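Go by the hints and put chain B onto chain A.
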Amino acid sequence: MPATTDGELLFLEGHEQARLIRSRKISPVDLVKECLSRIAEWDHVLRAWITVDADRALEQARAAEAEIMRGNYRGPLHGIPYGVKDQMHALGFPTTLGTQVLDEAETRAPMDAAVVERLGAAGAILLGKQNLHEFGKGGTTSFPFGQPRNPWNPLYSPSSSSSGSGIAPAAGFCTFSIGQDTGGSIRGPASCNGIVGLRPSYGRVSRHGAEAHSFSYDTIGPLARCVKDVAIVMEAISGHDPRDLLSSPQPAGNYVDTLDNDIKGLRIGVIKEIVEVDGICPEVSAAFSSAVDALKRLGASIHYISLPLCKYAVLVQLLTSDVDVASWFTRNHLKDRYYRFDRSTRVRLATAHLLPGIFYNRAMRARVLVRRQVLDAFKQVDALMCPTNITPPKLMDEINERVATAADVGPRLMERRNAVYPFSVANIPAVALPCGFSSKRLPISLQLATPPFTEARLLNIANVFEQAAGWTSFHPDLSQTLGGFAKGGRPHG
Amino acid sequence: MGNITDADARTLLKLHGLDLPGDEVTEVAIRLSSLFQLVEKMESEIGADIDETDPISPIYEQR
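Protein sequence lines, in the order shown, are assigned to chains A and B.
If you're matching positions, the first sequence starts at 1 in our numbering and goes up one per residue.
If you're matching positions, the second sequence starts at 1001 in our numbering and goes up one per residue.
Extracted from the complex, chain A is given alone in its bound form (with noise of 0.2 Å):
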């Protein structure tokens, strides 16, 4: 099993370190400064971080102090700190889009995104902004920021696109990150990296001050180490905005109260098509399947339910966000700056431009049809389950975007959004969590949706398959993951 590890502040859940620090046994200038101390001392390995701006977090992490040492205290966010994909803007740092499309002057942040301005009056301490896929886009091979690595093995993927979203908390860089789902932006990495991490409802979080072009998809959310983090961040950045115009006017829930409640009786259903799959690991399965056991001795009642056409949910996201991203860069950059994309990107940006808008009809309908059959499951079940991938993190080779025959398209381009473009089509809230390891030590994770703006049931759910499951208090040593990487060595792969 994995090893636990150095760094206990760190490693601590956020709602810990909250309560050391609202009781003034920590203060938020110690954990700042061992987060970037951590970051210093590993973080050229695993590359999770564009910019960290050390004397910035620290100045806030004294005004933190100060203004808990004077009775202030804002509440659980109050002196933790964070990172956000480089996606999302915030003032005073750069927002590179993981590209070098962009000059320089084109990278200044222009505002703080609503996200940043929400978890800065909740007093949360911004420590920088996280590496990801070039644009949000998935499947890039070169990053001009460096290559981010699984901090449990550096040799396999961190998934994408928020990669380094997905590391930091979980090489205990900081508390809790905020990345942007628009497939499984969030839940791939979570799942890679052993956290958990929440796509939510559609429009339950502002899109304000993101660069984010799949405008029927996108979302941002949190990823920590726990399901509470998760929920206590979930309750600072969510509610309308109305600088968003597709932000809900639903008010915006209580997720942190109702997350012990008994879940005996809950219907649970395990869809069949992605957990039956062919290519599915073995170890996935084993592990995916304790995991049920795990949830019937709570109490709840597992059903195994047929969502057809769940599998037409990547070719109708693909024939429809990648021709909403394309029509951004049509205009943008790719005809004058082609050869500064990602090749990876490039590509697909100029498949999507030859795509019928035929095809794009038809596929929002196809849309949907998917969204109604996963909203018509709501009937017969609570929730539903399934792995959040059906291997475990691969290899960085393994991974890569490069279709050199049709061959390809399948395993390079489909098999790893299978599992979770069926949720972002649906646009149904759904959290991926920890649910094992692979017998090279290597994360497995489990997803769980429920309706639209359920959040709190949610959260539920996996809260009381945490507590009792335990994968959530594993962490990588990374002396012992990175060291023989670190030094020119190969890591166990």
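I should point out that these hints are in silico values taken from the structure, not numbers from a laboratory.
Some hints could be false.
The list that follows gives simulated cross-link-like pairs (lysine-lysine, PhoX-like), each with its CA atoms no further than 25 Å apart [unchecked claim]:
no.	chain 1	residue 1	chain 2	residue 2
1	B	K1041	A	K311
2	A	K379	A	K311
3	A	K335	B	K1014
4	A	K272	A	K379
5	A	K296	A	K335
6	A	K311	A	K272
7	B	K1014	A	K272
8	A	K335	A	K264
9	A	K264	A	K296
Stretch by stretch, here's where chain A covers chain B in the computed footprint (C-beta under 8 Å, at least three residues) [what the hints assert, rightly or not]:
no.	region
10	1005-1018
11	1021-1029
12	1044-1055
Note that this is a predicted model, so its numbers are computed, not measured.
Heads up, the beta-carbon is just placed ideally off N, CA and C, and yes, glycines get one too.
Just chain B, lined up with the frame of chain A:
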């Protein structure tokens, strides 16, 4: 349907003002061909249901 050659892809890309190197044109042609074939398969299986459905984006539906 869906057998897109490099020449087809190059011509279509040029219409969009995109002039790609040879290996990237080939990859675009392969990706596009695959997508065409997958669309054909989807239409053969659920095309009638697709006909009956309006392409309403799920970003307005609040349920």
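Hint check results:
1. As the CA atoms of B:K1041 and A:K311 are separated by approximately 12 Å, the hinted pair is consistent with the 25 Å bound.
2. As the CA atoms of A:K379 and A:K311 are separated by approximately 21 Å, the hinted pair is consistent with the 25 Å bound.
3. The hinted pair formed by A:K335 and B:K1014 meets the criterion: a straight-line CA distance of about 11 Å does not exceed 25 Å.
4. At most 25 Å may separate the alpha-carbon atoms for a hinted pair to count; A:K272 and A:K379 meet this at roughly 17 Å.
5. A hinted pair counts as satisfied when its Cα atoms are at most 25 Å apart, and A:K296 with A:K335 does not qualify at roughly 55 Å.
6. Between A:K311 and A:K272 the CA atoms are separated by roughly 11 Å; this keeps the pair inside 25 Å, and the hint holds.
7. A C-alpha spacing of about 44 Å is found between B:K1014 and A:K272, which places the hinted pair above 25 Å, so the restraint is violated.
8. Pair hint A:K335 plus A:K264 does not hold up; C-alpha atoms about 57 Å apart against a cutoff of 25 Å.
9. Between A:K264 and A:K296 the alpha-carbon distance is near 9 Å, which keeps this suggested pair within the 25 Å criterion.
10. Proximity of the region 1005-1018 of chain B to chain A, defined as three or more residues with a beta carbon under 8 Å from a beta carbon of that chain, is established by the 6 residues found.
11. A count of 3 residues in the region 1021-1029 of chain B with a Cβ less than 8 Å from any Cβ of chain A is obtained; the coverage claim is therefore met, three being the minimum.
12. Check result for the region 1044-1055 of chain B against chain A: holds, 7 residues qualifying (beta carbon to beta carbon below 8 Å, three or more required).
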